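Add chain B to chain A, keeping to what the hints say.
Quick note, the sequences are listed as chains A and B, same order. Each residue of the first sequence is one higher than the one before, starting from 1 at the first, in our numbering. Each residue of the second sequence is one higher than the one before, starting from 334 at the first, in our numbering.
In short, the hints are calculated from the structure, not lab data. Values in this document were obtained by computation on a predicted structure and should not be read as measured data. A virtual CB, placed ideally from N, CA and C, is assigned to each residue, including glycine. Some hints could be false.
Said to hold, decoys possible - Each pair of labels, with its calculated beta carbon distance range:
| # | chain 1 | residue 1 | chain 2 | residue 2 | range |
| --- | --- | --- | --- | --- | --- |
| 1 | A | Pro129 | B | Asp631 | 40 to 46 Å |
| 2 | B | Arg446 | A | Arg71 | 56 to 62 Å |
| 3 | B | Leu433 | A | Arg136 | 32 to 38 Å |
To be verified - Some but not every residue of chain B turned toward chain A, in silico, with C-beta under 8 Å:
| # | residue |
| --- | --- |
| 4 | Ala524 |
| 5 | Val525 |
| 6 | Ile526 |
| 7 | Ala531 |
| 8 | Phe556 |
| 9 | Tyr560 |
| 10 | Ser561 |
| 11 | Ile611 |
| 12 | Leu628 |
There are 2 protein chains.
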Amino acid sequence: MIPTPYLLFLGDAPDQLAAKVAQGIKDWRPENAVGQFRMAGCGADVGLKDMSLAEAKEAGAKTLVIGVANRGGVISEAWKSVITEAIQMGYDVASGLHNLLRDENDLVREAKRAGRTLHDVRVPSVAYPIANGVKRTGKRMLAVGTDCSVGKMYTGLAVDAEMRNRGMKSTFAPTGQTGILITGRGVPLDAVIADFMAGAVEWLTPNNDADHWDLIEGQGSLFHVSYSGVTMALIHGGQPDALVLSHEPTRAHMRGLPDYGLPSLEALRDTALPLAQIANPACKVTGISINTQHLSDDEAMRLCEETEARMGLPTVDPFRHGAGRLVDALAEI
Amino acid sequence: MIPTPYLLFLGDAPDQLAAKVAQGIKDWRPENAVGQFRMAGCGADVGLKDMSLAEAKEAGAKTLVIGVANRGGVISEAWKSVITEAIQMGYDVASGLHNLLRDENDLVREAKRAGRTLHDVRVPSVAYPIANGVKRTGKRMLAVGTDCSVGKMYTGLAVDAEMRNRGMKSTFAPTGQTGILITGRGVPLDAVIADFMAGAVEWLTPNNDADHWDLIEGQGSLFHVSYSGVTMALIHGGQPDALVLSHEPTRAHMRGLPDYGLPSLEALRDTALPLAQIANPACKVTGISINTQHLSDDEAMRLCEETEARMGLPTVDPFRHGAGRLVDALAEI
Numbered sequence: 001m002i003p004t005p006y007l008l009f010l011g012d013a014p015d016q017l018a019a020k021v022a023q024g025i026k027d028w029r030p031e032n033a034v035g036q037f038r039m040a041g042c043g044a045d046v047g048l049k050d051m052s053l054a055e056a057k058e059a060g061a062k063t064l065v066i067g068v069a070n071r072g073g074v075i076s077e078a079w080k081s082v083i084t085e086a087i088q089m090g091y092d093v094a095s096g097l098h099n100l101l102r103d104e105n106d107l108v109r110e111a112k113r114a115g116r117t118l119h120d121v122r123v124p125s126v127a128y129p130i131a132n133g134v135k136r137t138g139k140r141m142l143a144v145g146t147d148c149s150v151g152k153m154y155t156g157l158a159v160d161a162e163m164r165n166r167g168m169k170s171t172f173a174p175t176g177q178t179g180i181l182i183t184g185r186g187v188p189l190d191a192v193i194a195d196f197m198a199g200a201v202e203w204l205t206p207n208n209d210a211d212h213w214d215l216i217e218g219q220g221s222l223f224h225v226s227y228s229g230v231t232m233a234l235i236h237g238g239q240p241d242a243l244v245l246s247h248e249p250t251r252a253h254m255r256g257l258p259d260y261g262l263p264s265l266e267a268l269r270d271t272a273l274p275l276a277q278i279a280n281p282a283c284k285v286t287g288i289s290i291n292t293q294h295l296s297d298d299e300a301m302r303l304c305e306e307t308e309a310r311m312g313l314p315t316v317d318p319f320r321h322g323a324g325r326l327v328d329a330l331a332e333i
Numbered sequence: 334m335i336p337t338p339y340l341l342f343l344g345d346a347p348d349q350l351a352a353k354v355a356q357g358i359k360d361w362r363p364e365n366a367v368g369q370f371r372m373a374g375c376g377a378d379v380g381l382k383d384m385s386l387a388e389a390k391e392a393g394a395k396t397l398v399i400g401v402a403n404r405g406g407v408i409s410e411a412w413k414s415v416i417t418e419a420i421q422m423g424y425d426v427a428s429g430l431h432n433l434l435r436d437e438n439d440l441v442r443e444a445k446r447a448g449r450t451l452h453d454v455r456v457p458s459v460a461y462p463i464a465n466g467v468k469r470t471g472k473r474m475l476a477v478g479t480d481c482s483v484g485k486m487y488t489g490l491a492v493d494a495e496m497r498n499r500g501m502k503s504t505f506a507p508t509g510q511t512g513i514l515i516t517g518r519g520v521p522l523d524a525v526i527a528d529f530m531a532g533a534v535e536w537l538t539p540n541n542d543a544d545h546w547d548l549i550e551g552q553g554s555l556f557h558v559s560y561s562g563v564t565m566a567l568i569h570g571g572q573p574d575a576l577v578l579s580h581e582p583t584r585a586h587m588r589g590l591p592d593y594g595l596p597s598l599e600a601l602r603d604t605a606l607p608l609a610q611i612a613n614p615a616c617k618v619t620g621i622s623i624n625t626q627h628l629s630d631d632e633a634m635r636l637c638e639e640t641e642a643r644m645g646l647p648t649v650d651p652f653r654h655g656a657g658r659l660v661d662a663l664a665e666i
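With the rest of the complex left out, here is chain A (with noise of 0.2 Å):
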């Protein structure tokens, strides 16, 4: 667990789109956020309080959020300084880059003399079990794609907001790194080492009240013969009672992989289905959401609407529709 409240750190940020993490946490948990950072130059802006190290804390900010992706490789001078900073100030430090802040032996040595934490979402800091399957309480949602990076984490914070609003019980699970930093738990996924991947994700969603969901954010895909392994060990893992097929319709090839062809929805609910009832039998297909970013909200409906006559199964773009249908749709499990 990360201590919240957060102070999003956005560095230098050249534009808008190096700051889709602390773009996330402002969208999907604006009260894990008091206010942002912005060093000279800094291009983005979150829409936040402009906040310093000191009237963050005096705010009542836990932790410095790198909200912020680097360039080259490294993690530059000037952010050290800041991040530096705020150690001694008594934040914890919380960071999804590449580069860990465990691996800067000057942020490590500050840390352990503040008594502070570095947090590196990036890695697993669980030694997690071996999946044993055992059917637990309580009910799951997974997303899963006909690609990677179609709108899984998206559809899982937008049901789960849904649901919040409508008084149920719900805990947006996160596996990947933007997904932890928003909430500040869950399993970096791909990180995991094999044999204790579908373990970790019974370990992130344990038994629970049984009106109670787990709304599982999906990583890769079925298709996608880098990540597939992933993909299906959240599907073993994670029980669903519901799978929700997500689906970007402008994708020329799968992401990554260019003499791969996207699958229909057809073919993801065929795949996808069968493997998750192997470990909850009572498994069904309850949604789709279509990622229509690229298209005029006239082809965005015109799409939702074809799809959902030919599947029968309600369709929404759950950011510019709302998650309501699907949520009504998972309601009635």
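Relative to chain A, chain B alone:
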């Protein structure tokens, strides 16, 4: 690569079963072992000449291979004194134990002093790439099982031996500790970081002659919820041209999972083949291997005949009946 030939360390093995790694080397790569080293009270014998460290060195041995399981989760002082002497005499040491040689400071110190290498085959020694899915030249077979530990490694080794007998080009590609010690190379797939599993399998089975067969050791099962992600990575990273279905007919439930029944061979075929065809549309199921060790000769023969009639695929126990008919089918691809 572990330098061959080996001296096989049987230590104080309580019985033959404890020495199954050494037995595997003796059975499948006898040319890799000059002899066996047994301590007082050893209850195992793999049928090689008993040798002292000096005698085996004289006979050309380059590596002392720990061919026996240890007890109580420790490497005993008695073992260590032999291993230390071996290092001092110029042996490398190779081990698949959970307790790593590299975690024993005294052994590390001796190895450094003597300029020898400690090979812990349970942990990866290579920075594997992320899989790129690019079609590779040469042919690949993968055994997929209805469960874990149903004879997939044995099937690969038996097919490899039969292909070599026929003068075909083949390589057994180990993905587990025992297989790696048998052949001196391979990938300990269950210990690889999730994101790199499929890439490790691609790395292990690179481009080769068009008529060369990589016989990839299977792991886990698509139906075993603890390890199915590892199996999935093998299917996509391996790009198999041929799948052999492997089964053990006397299991009451999935290994270690009392609530999970075994799938039928039909279910295994119908699940594994479409997934394999994502990476290699030409993939076929070419045969069935049944581990009949718990059946009588008559029962074994009858089960294979019945299964062959039902599934329309050559069906053998490669240990009992030889792998010839499996190779006949592969040779036609």
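Go through the hint on Leu628 (chain B) and say holds or violated, using the shortest Cβ distance to chain A against 8 Å.
27 Å, violated
Does the interface hint hold: is Ile526 (chain B) within less than 8 Å of chain A, judged Cβ to Cβ?
6 Å, holds
Regarding Pro129 (chain A) and Asp631 (chain B), is the given constraint of 40 to 46 Å on their beta-carbon distance met?
Holds - the Cβ-Cβ distance for Pro129 (chain A) and Asp631 (chain B), about 43 Å, lies within 40 to 46 Å.
Hint check for Arg71 (chain A) and Arg446 (chain B) - Cβ pair distance inside 56 to 62 Å
Violated - the Cβ-Cβ distance for Arg446 (chain B) and Arg71 (chain A), about 44 Å, lies outside 56 to 62 Å.
Do the Cβ positions of Leu433 (chain B) and Arg136 (chain A) conform to the proposed distance bound of 32 to 38 Å?
With a Cβ separation near 33 Å, Leu433 (chain B) and Arg136 (chain A) satisfy 32 to 38 Å, so the hint holds.
Would the hint on Ala524 (chain B) be counted as holding, given a Cβ-Cβ threshold of 8 Å to chain A?
6 Å, holds
Should the interface hint for Val525 (chain B) be scored as holding, given a Cβ-Cβ cut-off of 8 Å against chain A?
5 Å, holds
Per-residue hint verdict: Phe556 (chain B), partner chain A, C-beta under 8 Å
Constraint on Phe556 (chain B) satisfied, holds at 6 Å.
Does the CB of Ile611 (chain B) sit less than 8 Å away from some CB of chain A?
Status holds, d = 6 Å.
Interface hint outcome for Ala531 (chain B) [beta carbon to chain A under 8 Å]
Holds, about 6 Å.
Against chain A, run the beta carbon of Tyr560 (chain B) and see if the smallest gap drops under 8 Å.
7 Å, holds
Given hint Ser561 (chain B) near chain A, where the shortest CB pair must fall under 8 Å:
5 Å, holds
Of the numbered hints listed earlier, those contradicted by the structure are 2, 12.
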